[in-house]
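Chemist: If you read the sequences in order, they're chains D and W.
All the letters of the first sequence, read from the start, carry residue numbers 905 to 1225 under the numbering used here.
All the letters of the second sequence, read from the start, carry residue numbers -7 to 330 under the numbering used here.
Don't take each hint at face value.
Calculated pairs, DSS-like style, for lysine-lysine (alpha carbon to alpha carbon, straight line, at most 25 Å) [to be verified]:
{"#": "1", "chain 1": "D", "residue 1": "Lys1143", "chain 2": "D", "residue 2": "Lys1206"}
{"#": "2", "chain 1": "D", "residue 1": "Lys1167", "chain 2": "D", "residue 2": "Lys1155"}
{"#": "3", "chain 1": "D", "residue 1": "Lys995", "chain 2": "D", "residue 2": "Lys1075"}
{"#": "4", "chain 1": "D", "residue 1": "Lys1167", "chain 2": "W", "residue 2": "Lys238"}
{"#": "5", "chain 1": "D", "residue 1": "Lys1167", "chain 2": "W", "residue 2": "Lys217"}
{"#": "6", "chain 1": "D", "residue 1": "Lys1047", "chain 2": "D", "residue 2": "Lys1030"}
Read the hints as simulated data drawn from the structure, not as lab findings.
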Amino acid sequence: MDPVLRIINLQVSYYTDAGRATALDGVSLELNPVEKLGLVGESGSGKSTMALAMMRMIKPPGRIEGGQVIVGGTDLTALSEEEMLKARLSKIAYIPQGAMNSLNPVMRIGAQMMDAIFAHDKSISKDESTEMSMQALESVDLKRSVFRMYPHELSGGMKQRVCIAIGILLKPQVIIADEPTSALDVVTQRQVMETIDKVQAQIGAAVILIGHDMGLMAQFVDKVAVMYTGQLTELSTVKDMFTNPMHPYAKALIHSLPNLENKGVFQGIPGLAPALLRLPSGCTFHPRCEHVMEICKSQRPKYQRLADGRYVSCHLFTDNA
Amino acid sequence: MSKLLEFLNVTKVYTSGSFFSKPTSTTALSNLSLTLNENEPTILTVAGESGSGKTTLAMLLLGFINPTSGQIIYKGQDISTLKGEDRITFRREVQAVFQDPFGVFNPFYPVDHLLSVPIKRFNLAKSKTEARDKMVEALTAVGLHPQDILGRFPHQLSGGQRQRINVARALLLQPKLLVADEPVSMVDASLRANILETLRTLQTNYGVSIIYITHDLTTAYHIAKSIIVLYRGSVMEAGDVDDVIKHPQHPYTQLLIDSIPWPDLSRRWGETEIKARESESSDIITGCRFYSRCPFAMEECTQTPPLYRLSEHQAAGCYLFKQNPTIEPGQLSELLPV
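The shape of chain W in the complex, shown without the other chains (with noise of 0.2 Å):
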C-alpha cells in the first residue's frame, strides 16, 4: 500500500520578538506523524479552537511554510525540496479550499476566470472548447447550473455559489488531497449542508482523500471519519469520529463537546465548567497545554502526557488513562479509520 502522505514528527515553533527584545515563541504544532494512504481516500477532521494550530497544519500541508524540525513528504518526497515537474504535479494535486469564499474572487473578472487560469496554467486542455467543456463539467458535479454561473461576477452568487465554486476548481484539477480549511463556517447554516454533501460527493465518487479543518464539531460529526482534536499544538485526543464525539475522554474533548450548542431542546449545554484561559502568548514548554485550564489537573500533568489508547479506535493525551497502553506519536495513523 503506498502513502499519499506522511507527516514526520512534524512541529512548527513561531519565534517573535526583534533584536532588542527577548525573543518569545509559540509551539503551533508539536511532533505530529501521520500518515494518509493513496488507494483509501478518507475524511480526516482536524479540530481545535482558534490558536490550536490547525491552520499551520493546512498552511505545512500546502507547502506554503517549512516545518522547523520533522519532514512532509508528498509520494515519497520530502515537499519542500520539491522542484520543476514534481512541484507542478505536487500543485495540482494538493488543492485547497479556503474559509472565506469572498477573498478568492478578483472583482474585475467574471468567475470563469477562477477556472480557467488553472486549466491554462496546467495544460489542462487543448482547445477553447475543451476548456469550456470541463468547466461546465466540473460545476455540474458541485450541483451548480454552468449556465447560472459562467460569466457572472462574483458579486452577483451567494456565498454558498462562490464556495462551490472553489470546490468545482479544486475538482477541476483532479487533486489526491483536498485541504479544507473552515469551508463553511462563513456560509449560511442552510447552504452548509450542500457544500458538505458536495465535499462528500468527492470522496466517495472521485476517491479524493479530504482533509477538513475546522472548530465546527457539528458538520465534522456528519462528514468525517475520523478526527484529531489538537490543543494549542498537541493532540489532545484522535480516533473514530463517532467514539470520540458521542464518548469523549479527555477534559478538553468534553469541554469542547459540551459547549457546541446542539439544536436540541433536551440536550441542554454548559455541563462543565470553564475555566479562564491564561494569557495568550505564553508557552509553556513542558507538560499538558491544557494543565492550567483543566479541571482534573495533577502534579504529573507538568510532564507531557503520551497517547494512551482507550479502545481499537480512540486514544487520549492525558494521565487520567494512564492505566491504559501508549502508542507512539508515528502510530497516530493506525488509530483512524478509513
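Just chain D, with the same shape it has in the complex (with noise of 0.2 Å):
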C-alpha cells in the first residue's frame, strides 16, 4: 500500500525578537489510508506547529524553513495559496483544538456547511450540497434537523460532531485533530471519538491525532509518535509503545501514567523541558534523561528505523540499527 501522507524533512522557526526559534526540526513521517497516529508530547514540544504546518497556516512571524508535506501524490508545500485553498478540506483536514467555539453563531449550521462545499466546487446545486451536508451530519450521528439549527442550541460535544461533519464533507485523504476532546467530560469524550473513528473508517482517511493524553492514544491510535523539542523521538505501534518504550524520554512519559495497579505512585519526569530559544546542546532530552552519556551531550542522535520497525532518536540504540 502506497503512504498517503509522506512528511519529509519538515521544518518550521518563528522569528522573535529575541533570535530564531526552531519549533520543528526535521520531522519526517509516513501513513498509509485508514491509519491511524497519535502524536504526543508535552506543551511546547511543536505538536500544534506540525499540524499548522501540514495546512500550510503557520502565520508570520513563524516560516516552513524547508521539507515536503505529500498527500496523496501531491506536495502541499509546492502549491500556490490558490491551489492550497482548494486543497484543505478537500485533501487534508483539520480540527483545530477548542473547534467548536470556531461556529458562527449568528449563521445556522447548515449553512456554514454549504458555505465549505461553495467554496471550493461553485458548480455543485444547492439541493445537492444540501443533502451532502445532511448525510455528512448523519454520519457523525447527528439528526438531519440540526441542518436548521444553531451553535447555541447544540451541546458542546454536539458542535464538536458538527466540526467533524464539516470536516469530512469532501472527504479528505488525511485528517487532523487537535486535541479535539480536550474540553469535554470522558463520556462525551468517548463519544466524539467513537464518532472520528466510524467516519475514517468509510472514507478511508487517515487520521492524526494530537494530543497529550496517553490513555485517549492506547483506545484510539494505531501507532504513536512522541515529540520533543519540535524533533521526533520515537515513533511505534500502539502496542510496542505502551509496553516496551525504548526512547528514555518515551518511557518515562509511559511510567508517569497513572493507573489501577500503582495506586498512590506519583512518577513525574523530572526537570522541565527546555525553552526552544535555549536548546541544549546535542540531544536535547539530555539534561533530564537517567541514561546520559558522553556523546550526548555533543552530538543529536539521529532519528533512525530499528530492526523491528520503529523509528527512534537516541545514542542508546545507534548498534542495532
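With the hints as a guide, bring the two chains together.
Modeler: Structure follows, in C-alpha cells:
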C-alpha cells in the first residue's frame, strides 16, 4: 500500500525578538490510508506547529523553512496559495483545538457547511450540497434537523461533532484532529472519538490525533509518535509503545501514567522541557535523561529505523540500526 | 470530635429568565449533607461531568454564593453570617486552588506578588525578611526552588510551576481546608503527577483536608480516600474510592468508568452504550436525574431514589438496589472513610 501522507524533513522556525526558535526540526513520517497516528508531547513540543505546517497555516513570525508534505502524490508545499485553499478540506482537513468555538453563532449549521462546499466547487447545486451536508451530519450521528439549528442550540459534544462533519464533507485523505476532546468530559469524549473512528473508516482517511492524553492514544490510535522540542523521539506501534517504550523520554512518559495497579504512586518526569530559544547541545533531552552518556552532550542522535520497524532517535540504540 | 465543616441539606437552584419570559430553574445541587471532621484530614473527591454541580459546590463552600436552602457550617458557625474577625479567619483557613493556572496571576507583577499579598493582608509576618522566609519555605514545601521562582514573571514559568505556586500560596496561610477545583486539568500529563504529589503531602504532613473536584476519575482514584459522584446535582454513588472505581454499581458511575480511556491496552473502553443526553436546560424536578439516559430505566425511577447502602463504604442512589437498606442523606459522611 502506498502511503497517503509523507512528511519529509519538515522544518518550521519562529523569528522572535529574542532570536530564532526552531519549533519543528526536521520531522519525517509516513502514514497509510485508514491508519491512525497519535502525536504526543508536552506543551511547546511542536505538536500544533506540525499540524499548522501541514495545513500551511503557519503565520508570521513563523515560517516553513524546508521540507515537503505530500498528500496522495501532491506536494502541498509546492502549491500556490489558491491551490492550497482548494486542497484544504478536500485533501487534508484540520479539526483545531476547541473547534466547537469556531462555529459562527449567527449562522445556521447548514449554511456554514454549504459555505465550505461552495468555496471548493461553485458548480454544485444547492440541493446537492444540502444533501451532502445532511449525509455528513448523519455520519456523525446527528439528526438531519441539526442542519437548521444554530450553534447555541447544541451541546459541546454535538458542536464538536458538527466540526467533524464539516471536516469530512469533501472526503479528505488526511484528517488532523488537534486535541478534539480536551474541553469535553469523559463520556462525551468517548462519543466524539467513536464518531471520528467511524467516519474515518467510512471515507478511508488517515487520521493524526494530537494530544497529551496517553490513555486516549491507547484506546484510539494504531501508531504513536512522541515529540520533544520539535523532533520525533520515537515512533512505534501502540502496542510496542505501551509495553516496551525504548527512548528514555517515551519511557518516562509511559511510566508517569496513572493506572489501576499502582495506586498512589506518582512518577513525574524530573526537570522541565527546555525553552526552544535555549536548546541544550547534542540530544535535547540529555539534561533530563537518566541514561545520559558523554556523546549525548555533544552529538545529536539520528532518527533511525530499528530492526523491528520502529523509529527511535537515541544514542542508546545506534548499534541496533 | 469537633466538626470542621458541615453541609446541612444544601440545595442550590439557579433561576433564569427575565420579567417577560417564564423563569426556568436549574437545580445545581440538591439536598446534599456532608461532614468533615477537624482532626481527621482526608482527601474527598467530588466527581461528575460538566453541569453536575461540582463547581457550584466549591463556590458554596468558599462562600462566594449562598445556598438556596440549607446551611453550610464552618466550625459551628453558618458561613453566610460570618462577620469581622471570624470572616477573616474563615477566609484564611479555607483556601482554594482553581483550574486555570494562567488566569490567577497578574502579568504586570512578578509572581512574588501572589505570595506577598496574603502575607500582608493576614499579617503573617512582622518584617520583610520574615515574609521572604515564609515564601521560601512554602515554595520549597511544594517542591520548587525559590531562587528559580521569586522575582520571575508569570509568563516565564510553566503551567505546572504556576499551579504549584498556587498550592504554595494556599499552604502559606496554613489552611484547614483546601478546595481544589480541577487543579490539574490544564496541566501537562507529565506534570500532573508532581502537583498531585504536592497535594497529598499537604494532607499527610500539614493536616489539611482537601476537597478535590474533578471529572478525571483516574487522578481521583490515585489521590483520594473517598468519592462522591454527582450527576445534575444529585448524589449518584458515594463511598470508598477503591470500591466505587473498581466496582461501580450505579449505571451512571459504570458509564463514567467505562468511558475513561485507560492507558492500558488490555482494557478497552466502550462496553456500555452511550445514550444521548437530552436537552440541557430541561430540569425534571421529580425522579432520578439519570432516568433519560439510563439503560435500566424502570417505572419507579420517576420517583427520586434514596441512597441504598451496598456495603460498609459504598452506597448508590438507584432502585436497582432496593433490596438493600436505605440511608438518610444526612448519613452520607458515615460512608466515607477518612
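Chemist: So which hints don't hold here, by number, going up?
Modeler: No hint contradicted; all consistent.
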